[in-house]
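Chain E is fixed; fit chain U onto it per the hints.
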Amino acid sequence: MRAAAAQETQSGRLVLLCLASWATPGAGHLWLGRKSKGLVFLVALPAMFAIGIGLHGRLFPFDMSEWLVCLAAIADVGIGVPYFIAGALGFGAGDVRAVTYEYGNAFLIVAGLLNLLVVVDVYDVALGRK
Amino acid sequence: MWRWVGNEPPRLRLLMQSHILLLTLFAFFVSLVFAVIAKDSVPEQLRFGGLLFGGFLLSAFVLGWLMYPFPL
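The listed protein sequences correspond, in order, to chains E and U. Position one of the first sequence corresponds to residue 1 (the numbering used here), numbered consecutively onward. Position one of the second sequence corresponds to residue 131 (the numbering used here), numbered consecutively onward.
Careful, some of the hints might be misleading.
Computed list of lysine to aspartate or glutamate pairs in EDC-like fashion (alpha-carbon distance at most 20 Å, straight line) [unchecked claim]:
id: 1; chain 1: E; residue 1: K130; chain 2: U; residue 2: E174
id: 2; chain 1: E; residue 1: K35; chain 2: U; residue 2: E174
id: 3; chain 1: E; residue 1: K130; chain 2: U; residue 2: D170
id: 4; chain 1: E; residue 1: K35; chain 2: E; residue 2: D124
id: 5; chain 1: U; residue 1: K169; chain 2: E; residue 2: D124
id: 6; chain 1: E; residue 1: K35; chain 2: U; residue 2: D170
These are computed hints drawn from the structure, not numbers from a lab.
Isolated chain E (complex conformation) (with noise of 0.2 Å):
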C-alpha cells in the first residue's frame, strides 16, 4: 500500500518534471539541480525561438487537413511557454515574401523539437538512467 502510494508520488512528479521541461526549457534540469545545463537551455532555446520570430518565421498552426502543417505546429509548440507567448503579442505570423522566412521556420522548429529532446534527457535524468 505505502510502496504503491510512493510509486504514485513518484509518477506524479515526473509528469510534473516533464511539464516544466517542457513549459520552461531548461526548468526540469534546474530542479533536479543540473544548474549548468538548466542554464545553457534556459538561453540557447528561447533564443533560438526568438532569432526564428526575428527572421520572419512563422508559428504554424494546428491545421488537420494540412498534415505537414500539423507537425510542424507539434513542432513549434514543443518550446513550450514561449510559443504562446509569442502567439500572443502577435509574433510568429510569419512573412513568406521575406528571405529568411524559411530559416526562421528552422529555428522554430528545431528549437520546439530540441526542447522535446529535452525533455526526454531530464525524465531519464529523473529515473537514474543518467
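Just chain U now, kept in the frame of chain E:
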C-alpha cells in the same frame, strides 16, 4: 550582412541576409544543445560540440559545392 527594414517599425524588424551567418548560428545552437545533452563533463562537451559544429559546417559547404552544377 545586416539591414534594417522599414522606417519606424512597430517592432524590431531585422533582416539578416547572410546565409553563412545564419547557417553558422544554427549549427552553433544545435551543436551546443546536443553536446550538453549527450555529455556530462565540460571537456567532453567541448570536444563533442566542436566536432558536431565542424561537421555541420563542413557538410554544408560540401553539399553546397555538390549542388553547384545543378540549376535548382
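For each hint, the structure was consulted:
| no. | hint | result |
| --- | --- | --- |
| 1 | E:K130 x U:E174 | holds (15 Å) |
| 2 | E:K35 x U:E174 | holds (17 Å) |
| 3 | E:K130 x U:D170 | holds (9 Å) |
| 4 | E:K35 x E:D124 | holds (16 Å) |
| 5 | U:K169 x E:D124 | holds (14 Å) |
| 6 | E:K35 x U:D170 | holds (12 Å) |
Going down the numbered hints, you'll see the structure goes against none, and every one checks out.
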